[in-house]
Amino acid sequence: MEQSALHEVLCFCLLKDLFNMLRQLVKNTTYFCVMLAIIWACGNGGEEPTPGTDTDNMDRKAMLTHMADNIIIPSYDNFRVKFDVMKSASDAFAATPNQTTLTAFRKAWEEAYIEWQKVELFDIGPGEVHTMRYYFNIYPADVQGIATNIANPASDLELPTSFARQGFPALDYLINGVGATDAEIVDYYTTTPEAAARRAYIKRVTDRMNSLLTMVINEWKGSYRDSFISKTGLDISSSTSNLVNSYVMHFERYVRSGKFGIPSGAMLNGVVAPEKVEAFYKKDLSLTLAKTAHQAVVDFFNGKNVKTGETGPSFSSYLTALGAKDSSTGKTLAELINAQFAASKAKMDALQPNLYNEIKTNNQAVKDVYTEMQKAVRMLKVDMASAMSITITYVDNDGD
Amino acid sequence: MQRYLHTTTSAAPLAVFRILFGLLLLGGIVRFWSYGWIYELYIRPKYFFPFYGLEFVKPLGEFTYILFAVCGLSALLVALGLFYRLAAATLFLSFTYIELIDKTTYLNHYYFISMMCLMLIFLPAHVYFSVDAYRNPKLRADQVPAWCLDVVKLFVGFLYFFAGLAKLNSDWLLQAQPLRIWLPAHNDLPVAGFLLNYTWVAYLFSWFGCLYDLSIPFLLWNRSTRPWAYAAVVVFHGLTALLFPIGMFPYVMIMTALIFFSAGFHQRIINFLGRMLRLRGDQLLPRRIYRMHPALNYVLAGVFVVFFATQLVLPFRYLLYPGELFWTEQGYRFSWRVMLIEKAGHTEFTVRDQAGKKVIVNNSEFLTPLQEKMMATQPDMILQYAHILRDYYTQQGFDRPQVFADSYVTLNGRLGRPLIDPEVNLANETETFSPKSWITPFNDEIKGF
Chain A
1 MEQSALHEVL CFCLLKDLFN MLRQLVKNTT YFCVMLAIIW ACGNGGEEPT
51 PGTDTDNMDR KAMLTHMADN IIIPSYDNFR VKFDVMKSAS DAFAATPNQT
101 TLTAFRKAWE EAYIEWQKVE LFDIGPGEVH TMRYYFNIYP ADVQGIATNI
151 ANPASDLELP TSFARQGFPA LDYLINGVGA TDAEIVDYYT TTPEAAARRA
201 YIKRVTDRMN SLLTMVINEW KGSYRDSFIS KTGLDISSST SNLVNSYVMH
251 FERYVRSGKF GIPSGAMLNG VVAPEKVEAF YKKDLSLTLA KTAHQAVVDF
301 FNGKNVKTGE TGPSFSSYLT ALGAKDSSTG KTLAELINAQ FAASKAKMDA
351 LQPNLYNEIK TNNQAVKDVY TEMQKAVRML KVDMASAMSI TITYVDNDGD
Chain B
1001 MQRYLHTTTS AAPLAVFRIL FGLLLLGGIV RFWSYGWIYE LYIRPKYFFP
1051 FYGLEFVKPL GEFTYILFAV CGLSALLVAL GLFYRLAAAT LFLSFTYIEL
1101 IDKTTYLNHY YFISMMCLML IFLPAHVYFS VDAYRNPKLR ADQVPAWCLD
1151 VVKLFVGFLY FFAGLAKLNS DWLLQAQPLR IWLPAHNDLP VAGFLLNYTW
1201 VAYLFSWFGC LYDLSIPFLL WNRSTRPWAY AAVVVFHGLT ALLFPIGMFP
1251 YVMIMTALIF FSAGFHQRII NFLGRMLRLR GDQLLPRRIY RMHPALNYVL
1301 AGVFVVFFAT QLVLPFRYLL YPGELFWTEQ GYRFSWRVML IEKAGHTEFT
1351 VRDQAGKKVI VNNSEFLTPL QEKMMATQPD MILQYAHILR DYYTQQGFDR
1401 PQVFADSYVT LNGRLGRPLI DPEVNLANET ETFSPKSWIT PFNDEIKGF
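First to last, the protein sequences are chains A and B. Okay, so the first sequence: first residue is 1 according to my numbering, each after it adds one. Okay, so the second sequence: first residue is 1001 according to my numbering, each after it adds one.
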């Protein structure tokens, strides 16, 4: 950048024999092109890639195939199993509400809710088209709205206003929040005049979840899987670009903000809102849900096969194959991101299961989780996306 | 010099250039319009980022469509050579106005087109094979001063050569950045796509691209190398069109490089077109020399000397600023620095006042995604945005709001880090041409231009 360098180049340009040099250059370039063509032809002949270049892990088709066949579809299958158990337990409860059916329903709900955390991140393809997330897990539950919907069996469950009146948060309220004791809750579904309508609403909510889940799974197992693995580009409509965008958005908005940032007041300009925790009516479940969701994000990053537990082609291996690393320390970007995930996890491990209480009594520790996760968000959103040459197109709405 | 100023040359190359340039620009405008970009880029945004010192350029709202219509029409008129001087001036003004509305959309090739339009106003590109010349036999000429053609070639040479000089840096040559990031993104192209996975291919492309830019003006100028050079132009720009989302630019350059071809080549094009239009011999071959008033000839030549001197100096103005150019971007624009950096970032703003009011800004309430993306990595835009926020929150009842930027930016594969000092209240900083002290030092070195 020095002036002298500039001076030298300018002088150089004035040299008379530049033209001759350039003529020579054309000649050499021609030879070079011929050589290149030969290498090209050899390469096409199926020669092994240069040792040390991890081109296998740069194959986005292989990555997408692994993600679809060994992570996304099996995760939906696992969720299906837990969901079906919950569905029959809820049907049994709706048919004969009593302490036994209530306990069974709760247990099944809890397990299905935990399993849901492992599929919520697939906000791509069928899950995105059917806006599954909005119908399964928008919280806090809209208690007034649920009452309105119970009174009106024809109420539209597809409106944005009814997002918080259905799904797991609504069920949370309906089985954990409608009475102070289990007896009161059973009474809520048996002795009052609205009991029948209330039981019907549980059925309505779980039926709707069931049909949505069925659609999403069928589409993944139908034509979408092939279309997903065939869009191997990196343009805005490609699978990898959509996946990265939905993945980062999920982590930023629904894990970092939804589970920690908003309830703790680390966002929203400092307003502490413990009542906005996930599973508000089963408060000791909140942290488990958050940890499960976080682990799902980490496992997806590393391409952990849901069936075998082994890692496969993933964002992590793709980044490493691309050579993304911090040149000052020599650490790969994938290692750094995993280290940051571990730092977030350590902060979560320091919390008690009841997030609501933690926010009320130990809020700084909850905010610390948010802060660590925010560091991971930046690495995913800026470092990872840039290294992959992917544009983040979703709009963050941190402020709302 | 005296003699050079009075040398004449065939008017055919300039005429062909005028036609192709006008038509391509018209095509560009139609394309822009049909993609809905006029609304998307110039009407939809609530706020804009004007250039320093040119803040009088304001967005026009719905009238932007009229501006584009004027621009497209004048491009067509230039191609036809009808009301040429007026059309060229209108084209320059309307096109440049559009480009000055918002920094977000700054592209070097728009700047190139803008400058080319400026030059065309003063060049007699309409004296041959134009509607003006058809209607006015006195204007008709098939010879023009040689410098009128040479300035166009020289300007194209400037673009390539400076683009090549800018590539003489350690990131480009020694790290193969940013091509190393960009090329594997296309490894799914049929047949040869897998090659883009290899680092050596990124090096090959980097070095070849650099040598290409530095040498192509000379190779095009030299008759014996010209066919090869033009083939390289087509291959090079064809490749960039395939690999990068750069719109019309490759086609503009492939067309512009024709200017280097011989008079005979262009004459054949004109003769072909002339036959199609059934023009008479004296219209195709007026056997007349276009002469300016000698005084005007000198004045214009002087103006062009100043123009090129400015073009020569502008790309080096970055030397007046401390810090790494790619990081601070002080003196980055208007310098033919093309496709040099992969920069991405995320910048979050906090606004607060003495009374304890505090808000973390949701950027999407103020900016379009494209604006936010460009703003996040460019300090001058960050400052402009901070002032937008300051003014907005003053209206919202904040008492002398302070604005702080929490930024995280990655450059050519380096791990992200803050671009802006998070402790500096940007509401109090002003835009000037002097160095911005609140840009965080780069903490690494990129050697070279």
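In case anyone wonders, no lab produced these hints; they're calculated from the structure. Some hints here could point you the wrong way.
Among the chain B residues that face chain A by a calculated CB cut under 10 Å, a handful are [to be verified]: (1) 1196; (2) 1239; (3) 1241; (4) 1245; (5) 1246; (6) 1247; (7) 1373; (8) 1413.
Backbone N, C-alpha and C fix where the C-beta goes; we use that ideal spot for every residue, glycine too.
Status of the hints after comparison with the structure:
no.	hint	in the structure
1	1196	9 Å, holds
2	1239	13 Å, violated
3	1241	14 Å, violated
4	1245	8 Å, holds
5	1246	14 Å, violated
6	1247	14 Å, violated
7	1373	7 Å, holds
8	1413	6 Å, holds
Hint check: violations occur at hints 2, 3, 5 and 6; the rest are consistent with the structure.
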